[in-house]
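Counting from 1, one number per residue, gives the positions in the sequence shown under my numbering.
Do not take every clue at face value.
Here are the computed lysine to any residue pairs in the SDA-like style, where the Cα-Cα straight-line distance is at most 25 Å [said to hold, decoys possible]: (1) Lys-110 to Ala-124; (2) Lys-52 to Ala-35; (3) Lys-173 to Lys-110; (4) Lys-99 to Ala-35; (5) Lys-173 to Ala-209; (6) Lys-60 to Lys-110; (7) Lys-110 to Leu-15; (8) Lys-99 to Glu-111; (9) Lys-60 to Arg-175; (10) Lys-60 to Glu-111; (11) Lys-60 to Trp-171; (12) Lys-60 to Asp-81; (13) Lys-99 to Asp-129; (14) Lys-52 to Ser-77; (15) Lys-110 to Lys-52; (16) Lys-99 to Arg-84; (17) Lys-52 to Asp-102; (18) Lys-99 to Asp-81; (19) Lys-60 to Asp-132; (20) Lys-173 to Asp-127; (21) Lys-60 to Ile-22; (22) Lys-173 to Ala-130; (23) Lys-99 to Ile-150; (24) Lys-110 to Thr-94; (25) Lys-52 to Leu-15; (26) Lys-110 to Arg-121; (27) Lys-173 to Ile-150; (28) Lys-173 to Lys-99; (29) Lys-60 to Asp-147; (30) Lys-52 to Leu-177.
Just so you know, these hints were derived from the structure itself, not from any lab.
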Amino acid sequence: PMSLACSGGVVAAALTAMSDGISGAISNGFHHAYASHGSGFCTFNGLVIAAKAALAACAKRVLILDLDAHCGGGTASLIADDPRIWQVDVAVSTFDWYKRSDRLRLRVVKEASEYLPTIGRRLAELDDDAIDFDLCIYNAGMDPHQDCLIGGLDGITSELLAQREAQVFAWCKRRGLPIAFVPAGGYVSRSLNEAALVGLHRLTLAQAAA
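With the hints as constraints, model all of the structure from the sequences given.
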């Protein structure tokens, strides 16, 4: 029931965003899940399920923007043969790495100073390619944060992640691109307590509301 509810929430967010311009699901994208098995704390890949639902509804092309700390190899495997779905994936960990292609645009960042510029370049490439998307599904991972023990990169602070969220939502707004977001990544530990983690996810909500 939990997996069904999470995936259903992402589908509902995607379909609502297509009519209202913006929506979110307080669940998770589960980007490590493959067709035959779960992986990396992920059961069913809600990002791809939602993308397929949007395409079945009326969308012609969907972008999955994945900014979780880890690579979205499960997502890549599920959309590799579907030319209607693209993935832009900026990670700071090589976990679940996959081979890049024209539609599967993966970059792994090793220096915090390159994090925002890399995201900016990946989005600019989509502008340059003049790719017309009908929906962006945004996997808003907070595990790149330096205090997250599973995936965090030293130098990626709360302030930097706030700038990232502003960058993403401003890009979608400028393009008139509907966006459906889900929180992802971020794990409670001795260095990142529950209140701090919730605060990071609120950065996404704040930009969505703005």
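**Study point:** Lys-99 paired with Arg-84 [C-alpha distance capped at 25 Å]
**Key:** Status holds; Cα separation ~18 Å.
Check your understanding: Going straight from one Cα to the other, do Lys-52 and Ser-77 come out at no more than 25 Å?
Key -> The hint holds at about 14 Å.
Review point. Going straight from one Cα to the other, do Lys-173 and Lys-99 come out at no more than 25 Å?
Key: The given pair, whose Cα atoms are some 30 Å apart, is violated under the 25 Å limit.
Review point. Within a Cα-Cα threshold of 25 Å, do Lys-173 and Ala-209 meet the stated pairing?
Key: Cα-Cα ~12 Å, so holds.
Practice item. Would you check the hint for Lys-110 and Lys-52, treating anything up to 25 Å between C-alpha atoms as holding? Key: violated (32 Å)
Exercise for review: Would you mind confirming whether the straight-line C-alpha gap from Lys-173 to Ala-130 stays at or under 25 Å?
Suggested key: holds (16 Å)
Review point. Is the hinted pair Lys-52 and Leu-15 satisfied, with a Cα-Cα distance of at most 25 Å?
Key: holds (11 Å)
Check your understanding: Taken at face value, is the distance from the CA of Ala-35 to the CA of Lys-99 at most 25 Å?
Key -> holds (17 Å)
Practice item. Take the C-alpha atoms of Lys-60 and Arg-175, compute the straight-line distance between them, and say whether it is at most 25 Å. Key: Holds - the C-alpha atoms of Arg-175 and Lys-60 are around 16 Å apart, at most 25 Å.
Practice item. Decide if the proposed pair is consistent with the structure: Lys-99 and Glu-111, CA atoms, cutoff 25 Å inclusive. Key: Cα-Cα ~21 Å, so holds.
Check your understanding: Within a Cα-Cα threshold of 25 Å, do Lys-60 and Lys-110 meet the stated pairing?
Key -> Measuring from Cα to Cα gives roughly 34 Å; hence the hint is violated.
Exercise for review: Take the C-alpha atoms of Lys-52 and Leu-177, compute the straight-line distance between them, and say whether it is at most 25 Å.
Suggested key: Status holds; Cα separation ~17 Å.
In the structure shown, a violation is registered for the earlier hints numbered 3, 6, 7, 10, 15, 27, 28 and 29, in ascending order.
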